[in-house]
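Model the full assembly from the supplied sequences, consistent with the hints where possible.
Protein chains: 2
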Amino acid sequence: MKNLWILLLLIALPLHSQNGDEKQIRAIFDAALTQGKAYDWLNHLTNQIGGRLSGSVQAEQAVQYTKLQMEELGLDKVWLQPVMVPKWVRGTPEFAYMETKPGLTTNLPVCALGGSVSTPQGGVKAGLVEVQGLEDLADLGRDKIAGKIVFFNRPMDPTLINTFEAYSGCVDQRYSGAEEAAKYGAAGIIVRSMNLRLDDYPHAGSMSYGETSVEDRIPAAAISTNGAELLSTSLKLNPDIKFYFKLNCRQLEDVQSYNVIGEIRGSKYPDEIILVGGHLDSWDLGDGAHDDGAGCVQSMEVLRLLQKTGYRPERTMRAVLFMNEENGLRGANAYATEARSKGEKHILALESDSGGFSPRGFSFDCSAQQFDQISAWKPLFEPYLIHQFIKGGSGADVAPLKDEVAVLAGLSPDSQRYFDHHHAENDTFEHVNKRELELGAAAMASLVYLIDHYGFAADRNIKGR
Amino acid sequence: MKNLWILLLLIALPLHSQNGDEKQIRAIFDAALTQGKAYDWLNHLTNQIGGRLSGSVQAEQAVQYTKLQMEELGLDKVWLQPVMVPKWVRGTPEFAYMETKPGLTTNLPVCALGGSVSTPQGGVKAGLVEVQGLEDLADLGRDKIAGKIVFFNRPMDPTLINTFEAYSGCVDQRYSGAEEAAKYGAAGIIVRSMNLRLDDYPHAGSMSYGETSVEDRIPAAAISTNGAELLSTSLKLNPDIKFYFKLNCRQLEDVQSYNVIGEIRGSKYPDEIILVGGHLDSWDLGDGAHDDGAGCVQSMEVLRLLQKTGYRPERTMRAVLFMNEENGLRGANAYATEARSKGEKHILALESDSGGFSPRGFSFDCSAQQFDQISAWKPLFEPYLIHQFIKGGSGADVAPLKDEVAVLAGLSPDSQRYFDHHHAENDTFEHVNKRELELGAAAMASLVYLIDHYGFAADRNIKGR
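Just so you know, the sequences run in chain order E and Y.
Note that my numbering has the first sequence beginning at -7, numbered continuously upward.
Note that my numbering has the second sequence beginning at -7, numbered continuously upward.
Among these hints, one or two may not hold up.
You can't tell identical chains apart in this list, so a pair holds if it fits in one copy or across any two.
What the hints assert, rightly or not - Dumping the calculated SDA-like pairs for lysine to any residue here, alpha-carbon to alpha-carbon at most 25 Å:
#: 1; residue 1: LYS15; residue 2: GLY302
#: 2; residue 1: LYS370; residue 2: ILE382
#: 3; residue 1: LYS29; residue 2: SER224
#: 4; residue 1: LYS29; residue 2: ILE153
For the record, the hints were derived by calculation from the structure and aren't laboratory data.
Listed below in structure tokens is the structure:
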């Protein structure tokens, strides 16, 4: 008889638990979709504050605003982690044209790449060399490049379903184009915007001069995809076209800024930290709604949804809004450094930095055993169509934690629209759908709940529980 | 030795076939994403032609345009199937306000529901009764309703992940509200727009007077969600608010229109028809980009993608652009009637009428055995993240074929954004993402390819092959 009871108990326990999980997750989604705050927060961050480039007044306003909002949630602790950030300013106006014959010019939409030096005050005007990538430079050699403007025009591969892969396949042109072209004496570079769509928005983004000495640095700008197409076609008709561009950007002294951190202390295992985060800085052209206002407000919303549904976390929950992901990663590095020095133990670091689009699932950087455990939760996410769990990368801000954390993860929204907006003037609030944003926050909160509630099997062994 | 060869053959065959399918599907997606025509066609349908309400000049232009485009594809046959359609016209202006005190008015955005009668020339002005649904009318009774305007204000349920379910849960107010309220002597009705978002767009849609005699028909309008919220709040503060609205719509005589049909004749089983379709008509407020310009151009694109990839269909492939889905279903019924009278055998009828958003999978109305066969193809759709195969409904235009067809199916795009645009002024081209549209077309073409290539097991038995 006793054995029968134990058997019944063994059968009943997982069922009960499964039901409890389903209910908790349903409660999270209901709260997100009916009483969500993420969209209102994002409205303020974008429409009241705007683009939040590191070191800008807007970035500082965003720090103060999100700190205040987290304080109003009544978390156990909200604080600012100081970090010095680079301050690069765009200056205005930026301007470019192609000259097909002397005096016959067509304006083209460009923007300075983040970190670029300015052109001389009168701008740069030179002939063009179109290339498909960094590797073309050596083939052409100094003879054909010196004094010219190098036009990097390899487009994103439209056949890749995951548009982030298409981005990865192109972004070396933007990041290293100036450094490499300078080695051959180029006068400047322009790079086709990392955008799958043909439109008139130039897309900013970071670039590096690497080891290039200050006097050898050349100005670097992005050109819209339509502009790149027009330029390329025109060059085929007339290779002697001249290109003119003028940038007014400047690199100023580093300034003080902050990561914004809010925390609910764990009731059972306060020393085990579950981190959700995004980055608070953005590029300056749009208002940084998708990149990464969405990830910030979703991370704050995760804590709020756990509160709203009456869930008391066993582990310490932290929302971290990192500063300076776009052009330095200073906030992420400062956070990881402090975590390491304090010996903090993170069991999950989950970032949302792929836009506020309809969530499809998560990407996990973890052991096979951990992935098996997580994958067993997929049925709980199926009713919400957010059950695409893959092994892969996480996010730029949580990656430096790799040695301090059991599992790194990233929210994976549908990627089709992301690069239409990424780093451009049209990354704005009206392109974020409220429900899509809320579903992402709810998915994150659900994953966080499960990991908090169950921990990781291997992890428990380590701790001897 | 011979047995070994047979064994190897048995192992190799499915592998070869699987590889062939993977290659064909990859070729379809590559063609859609690099040489797609769907977006250009949609641009013309929406920006050059515009909203295509049945019986309108624009609907006629759309018939001629799509016929010409299909002819230019060099299909085996392109033709128009005549069908008489209702012609309801909105007239202008439409106008509404609430009057909180005599002379103190606030304008509210409304639009006539499709099929509504006009108000008297001076409009209708009356007190309001707010209800949450049809069932409230009997509780209130004639005393409280007669002479009043009934305000149906039950919102879509935001907790439903599939927004079409939320729509189904509300649309009875729009469809039958006037018929039911007229029974209690109401002077008119206004219905909260079927929209999950709070905004200022009234959403049109069909309604019916059922058996209501002509003299008892009352005018019916939709009000924007923001307008509904304001009105409801104002009514709570002051139940004596008056509402005024003026509509100028008219029902004219039926006019001649057409379904547009293009066909590639099957090389092996020409009598077995695989149909892909959408509806060419739309509401008149926007330009009908998502509803259902997207489905039309995707259906045309399916035939084109099969051509482009050099696939010669074994069965007859038809793209059918149905006329009058929105307010009559005359085209769908005419098509089904003719198919029945001719004894045509359809083995698949696949509709795209849920918007041109990122495709998630398909919904199938078929036998368990057929669903098993189809489900076995899911791994082929996984690389494209379009592998959510469920049993469920198909589409309004293909449903009348139910008795003539083996499998009914519908493309299932992500549903989160659909009702932001559905039947409203903002269902426009710029809200369609090119890649999302193309992925939908490619998914449809891939499914069509598989069904053409393999047929249905049960079906083959019936035919004795």
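To see whether the hints hold, each was checked on the structure:
In this assembly of identical chains, LYS15 and GLY302 lie within 25 Å of each other by CA distance solely inside one copy; the values are 12 Å within and 51 Å between copies. With identical chains, the CA atoms of LYS370 and ILE382 are at most 25 Å apart both within one copy (11 Å) and between copies (17 Å). Taking the shortest alpha-carbon separations for LYS29 and SER224, only the inter-copy value of 23 Å comes in at or below 25 Å, while the best intra-copy value is 46 Å. Proximity of LYS29 and ILE153 under a CA criterion of 25 Å is satisfied inter-copy only: 18 Å between copies versus 32 Å inside one chain copy.
In this structure, none of the earlier numbered hints is contradicted; all agree with it.
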